[in-house]
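Could you build the full structure based on these sequences and the hints that come with them?
Protein sequence lines, in the order shown, are assigned to chains A and B. Using the working numbering, read the first sequence as starting at 1 and increasing by one per residue. Using the working numbering, read the second sequence as starting at 1 and increasing by one per residue.
There may be inaccurate statements among the hints.
Simulated crosslink set (DSS-like; lysine-lysine; CA at most 27 angstroms straight-line) [claimed, not checked]:
hint : chain 1 : residue 1 : chain 2 : residue 2
1    : B       : Lys148    : B       : Lys91
2    : B       : Lys148    : A       : Lys242
3    : B       : Lys158    : B       : Lys146
4    : B       : Lys158    : B       : Lys91
5    : A       : Lys242    : B       : Lys158
6    : B       : Lys121    : B       : Lys43
Footprint (simulated), chain A over chain B, 3 or more residues, beta carbon under 8 angstroms [as the list claims (entries may be wrong)]:
hint : region
7    : 43-52
8    : 148-158
9    : 189-198
Quick caveat, the hints were computed from the structure, so don't treat them as lab data. Remember, it's a predicted structure, so these values are computed and weren't measured experimentally. We treat Cβ as the ideally placed atom computed from N, Cα and C, and that holds for glycine.
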Amino acid sequence: MSDLLTEPRPAAAPSMDNYLTHARGFWSWALTLDHKRIGVMYLVSIVASFFLGGLFAELIRTELIGPGRTIMGKDMYNQVFTLHGAVMVFLFIIPGIPAALGNFVLPIMLGAKDVAFPRLNLASYYLWIVGAVFFVFVLVLGGLDTGWTFYTPYSTTTDTRVVLAVTGAFILGFSSIFTGLNFIATIHMLRPPGMTWFRLPLFLWALYATALIQVLATPVLGITLFLVGVERLLGLGIFDPKLGGDPVLFQHFFWFYSHPAVYIMILPGMGIISEVISVFSRKHIFGYKFIAISSIAIALLGFLVWGHHMFTSGQSKLASVIFSALTFSVSIPSAIKVFNWLATMYKGSIALLTPMLYALTFIFLFGIGGLTGLFLGALATDVHLHDTYFIVAHFHYVMVGGTLSAFLAGIHYWWPKITGRMYSEFWGRIGALMVFVGFNLTFFPQFALGSRGMPRRYYDYGEMLGEHPEFYGYHFLSTLGSYLLGIALFLVMIYLIASLFNGHRAVANPWGGATLEWQCSSPPPHDNFPVQPHVGDPYAVRNFQYDPDVGGYVRVAQTAKPEHPLHPSAH
Amino acid sequence: MAKSESTTRPPDDADPGSVEAPRPHAAADHHRPFLAHHYQSYKQQFEAGKLGMWIFLLTEILLFGGLFCAYAVYRANHPEIFIYAHHFLDKNLGAINTAVLIFSSFTMAWGVRCAQLNQRKLLMVMLSLTLLCACGFLGIKYVEYKHKWEDGLLWAGKYHPVEHAEPADHAARPPGRPEAQSALQRPEGPRYAGIFFSIYFMMTGLHGLHVLAGMAAIAWILVRAANGHFNSHYFGPVDYVGLYWHLVDLIWIYLFPLLYLIH
Ligand code: HEM
Ligand SMILES: [Cu+2]
Numbered sequence: 001m002s003d004l005l006t007e008p009r010p011a012a013a014p015s016m017d018n019y020l021t022h023a024r025g026f027w028s029w030a031l032t033l034d035h036k037r038i039g040v041m042y043l044v045s046i047v048a049s050f051f052l053g054g055l056f057a058e059l060i061r062t063e064l065i066g067p068g069r070t071i072m073g074k075d076m077y078n079q080v081f082t083l084h085g086a087v088m089v090f091l092f093i094i095p096g097i098p099a100a101l102g103n104f105v106l107p108i109m110l111g112a113k114d115v116a117f118p119r120l121n122l123a124s125y126y127l128w129i130v131g132a133v134f135f136v137f138v139l140v141l142g143g144l145d146t147g148w149t150f151y152t153p154y155s156t157t158t159d160t161r162v163v164l165a166v167t168g169a170f171i172l173g174f175s176s177i178f179t180g181l182n183f184i185a186t187i188h189m190l191r192p193p194g195m196t197w198f199r200l201p202l203f204l205w206a207l208y209a210t211a212l213i214q215v216l217a218t219p220v221l222g223i224t225l226f227l228v229g230v231e232r233l234l235g236l237g238i239f240d241p242k243l244g245g246d247p248v249l250f251q252h253f254f255w256f257y258s259h260p261a262v263y264i265m266i267l268p269g270m271g272i273i274s275e276v277i278s279v280f281s282r283k284h285i286f287g288y289k290f291i292a293i294s295s296i297a298i299a300l301l302g303f304l305v306w307g308h309h310m311f312t313s314g315q316s317k318l319a320s321v322i323f324s325a326l327t328f329s330v331s332i333p334s335a336i337k338v339f340n341w342l343a344t345m346y347k348g349s350i351a352l353l354t355p356m357l358y359a360l361t362f363i364f365l366f367g368i369g370g371l372t373g374l375f376l377g378a379l380a381t382d383v384h385l386h387d388t389y390f391i392v393a394h395f396h397y398v399m400v401g402g403t404l405s406a407f408l409a410g411i412h413y414w415w416p417k418i419t420g421r422m423y424s425e426f427w428g429r430i431g432a433l434m435v436f437v438g439f440n441l442t443f444f445p446q447f448a449l450g451s452r453g454m455p456r457r458y459y460d461y462g463e464m465l466g467e468h469p470e471f472y473g474y475h476f477l478s479t480l481g482s483y484l485l486g487i488a489l490f491l492v493m494i495y496l497i498a499s500l501f502n503g504h505r506a507v508a509n510p511w512g513g514a515t516l517e518w519q520c521s522s523p524p525p526h527d528n529f530p531v532q533p534h535v536g537d538p539y540a541v542r543n544f545q546y547d548p549d550v551g552g553y554v555r556v557a558q559t560a561k562p563e564h565p566l567h568p569s570a571h
Numbered sequence: 001m002a003k004s005e006s007t008t009r010p011p012d013d014a015d016p017g018s019v020e021a022p023r024p025h026a027a028a029d030h031h032r033p034f035l036a037h038h039y040q041s042y043k044q045q046f047e048a049g050k051l052g053m054w055i056f057l058l059t060e061i062l063l064f065g066g067l068f069c070a071y072a073v074y075r076a077n078h079p080e081i082f083i084y085a086h087h088f089l090d091k092n093l094g095a096i097n098t099a100v101l102i103f104s105s106f107t108m109a110w111g112v113r114c115a116q117l118n119q120r121k122l123l124m125v126m127l128s129l130t131l132l133c134a135c136g137f138l139g140i141k142y143v144e145y146k147h148k149w150e151d152g153l154l155w156a157g158k159y160h161p162v163e164h165a166e167p168a169d170h171a172a173r174p175p176g177r178p179e180a181q182s183a184l185q186r187p188e189g190p191r192y193a194g195i196f197f198s199i200y201f202m203m204t205g206l207h208g209l210h211v212l213a214g215m216a217a218i219a220w221i222l223v224r225a226a227n228g229h230f231n232s233h234y235f236g237p238v239d240y241v242g243l244y245w246h247l248v249d250l251i252w253i254y255l256f257p258l259l260y261l262i263h
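Take a look at the structure:
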């Protein structure tokens, strides 16, 4: 007996009403309040800024392909790495998963019709656009050379466009706050009957934890950037030692936001991995509650460790020791997640499809990134490694190896749902492989460089640093890797776009997921669920089996009781 | 604050189309104006809005939190600056402003009650009174800023006190006896005295911006009240703006002693 709700609707019929065909024309998108369309607009915008940031990255690596000046001088270089960092952090990685994929998926996974405040959601998108426009102004009106960290006193004295940039980042901060606020309210208030806290898919737990950080940390960044702006415009003096101010206070304020912000970047990624690992191992997730609670633990502990960015800033020794010890505590909940993912895969029947390849990439690379974080959290080693390429390698392993892999896993996982099309699995796997190789080739050598003393943010490592021929080979490899990575990402973009035109139509549930988004057609109808869905265990993936007639997964009704059609008692 | 609402808010079954029935994804529903399509009931919508507002207030507190933190750091490091410089703030004006804001919180709260009780006229009176208080507050603030400006008592980068600048503090200086000035060794006060004014202007300035934003919100509510949008089923926006206004008030209640009443 098959169940009406899960039986794939004739999604193939192009005539059927879905969120893409529901209304047409420019304004139906620009003024939409539909979280799915807002998610798609975010996705397009974010990917565009990712490619902009990527362009800067290739310029950086090209400059560093050999010692001495290659394609640009030192001032230009400072601007390029600053804009690379600022664009990637503020425009891509922070809003990336929550605002694009989260916006699309969250209400559907929850079983709701929309987020709690659709207008605020749209406002958040337009704030993002305004923030991005400010960054573009920075770019064309003279650049920025402070690094993405805006450290005072340099940021209050350089004659590049700091005020524009901090205004942009301030606005982007509000965009991020609004997204977080919306998600918290949605998860609290719009859960349908049956969706208890411990039936929330882990991606939603992750988004919830992320939203907590967005709401609690971002305002502090806001006021800090505001102070920097006022400092420059009026000579406020709060960060200026000449006037009795304290530049290290800036660093405290900045990292009070920006350390938690690294969890804004990684937590949603971890959420995606929890979904993908379970579905593609065809096994119930292992340690559901531990993964869920560890997200919250990471969010809260993340507020206590910011001082580990300031071990060499002259903060008190006692503070450094305490921050160092606390830093180790954050790695515990992260490790809990990793072990649970591994245990989920254990004895599962693993399908190495593209999303799963990226999920495995995530586990591997985040493992390296997280473990090297411990080297940096340890006081004695960090004093040596601080401000070297070791840091650069560390945070790229977590941000690119971690978050970008998770983002790609998520895009591939939900692509059929978002677009209604299947991408080419062949090219998907090739792309994932190239990303993996290209990434490691780019960033692994940087660990070696950093531990040998190559400082970060230098445009030249020839004469400027004295004789260091041992750096040359590593830098060369790293640049080659970055080209491979760039090509790989282009490839991904190309086959994904191609799938829009010639991909097979997607069925409702191509991977066999048990979360609610796979119960509505692909792409989902305008109001998500024609009938209120019934909520069951989000990881009962074994209740879904591949049906060759449908070309996707369907529920195999076990002991389906009529009143709880989707909640079989045995699992 | 929650108690009064629960008595006046309609029970869920008061609205047609009850909890389970899916509602069409259409904009407005003639029987239930202002109920967004993705909510099942006014109650759910009200509570979501309220939660959202509380979270927003939290972010506001954190925004000011950075400044309170800066205040704490500098006051701990340079207590003498704070003791010296606060004499230049006018305690009386500060106290009057505190009273004005507290009164405006009272009228605002009364306004929320009016909305819940369908008292449209009284609601408009209360909102207007609140707006009036806000204007009064900003007027007094303007007088204070103007004095600081004339005396050159500005933030650190622009801190150039003029010769005759004297403490506004009447306890420290009986009226008409400028020689009390001699108690302060240097005309510009202790080193880095400007930092106090940096903090003063940032905190009160940011607070002033919030008063302005609050006034805009109250004006919006006033217009909607005039159009008869609110009733005992639907009064969320009044309530939310009220919460926001209380926060603005509360922040001032901290600013006043921290800046004006230092010992
Ligand atoms: C898993 C545990 C982690 C630990 C113990 C850790 C530890 C550290 C430490 C101690 C530093 C400062 C090093 C220095 O400047 O001397 C650092 C830098 C950094 N980490 Fe991590 N980290 C972890 C995870 C992450 C994650 C998940 C991300 C982002 C997704 C991240 C992003 C960064 C960034 C961006 C920097 C450098 C910021 C800059 O100076 O520009 N880290 N990390
Ligand atoms: Cu950190």
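Checked hints:
no., hint, in the structure
1, B/Lys148 <-> B/Lys91, "14 angstroms, holds"
2, B/Lys148 <-> A/Lys242, "22 angstroms, holds"
3, B/Lys158 <-> B/Lys146, "15 angstroms, holds"
4, B/Lys158 <-> B/Lys91, "23 angstroms, holds"
5, A/Lys242 <-> B/Lys158, "13 angstroms, holds"
6, B/Lys121 <-> B/Lys43, "25 angstroms, holds"
7, 43-52, "holds (count 6)"
8, 148-158, "holds (count 4)"
9, 189-198, "holds (count 5)"
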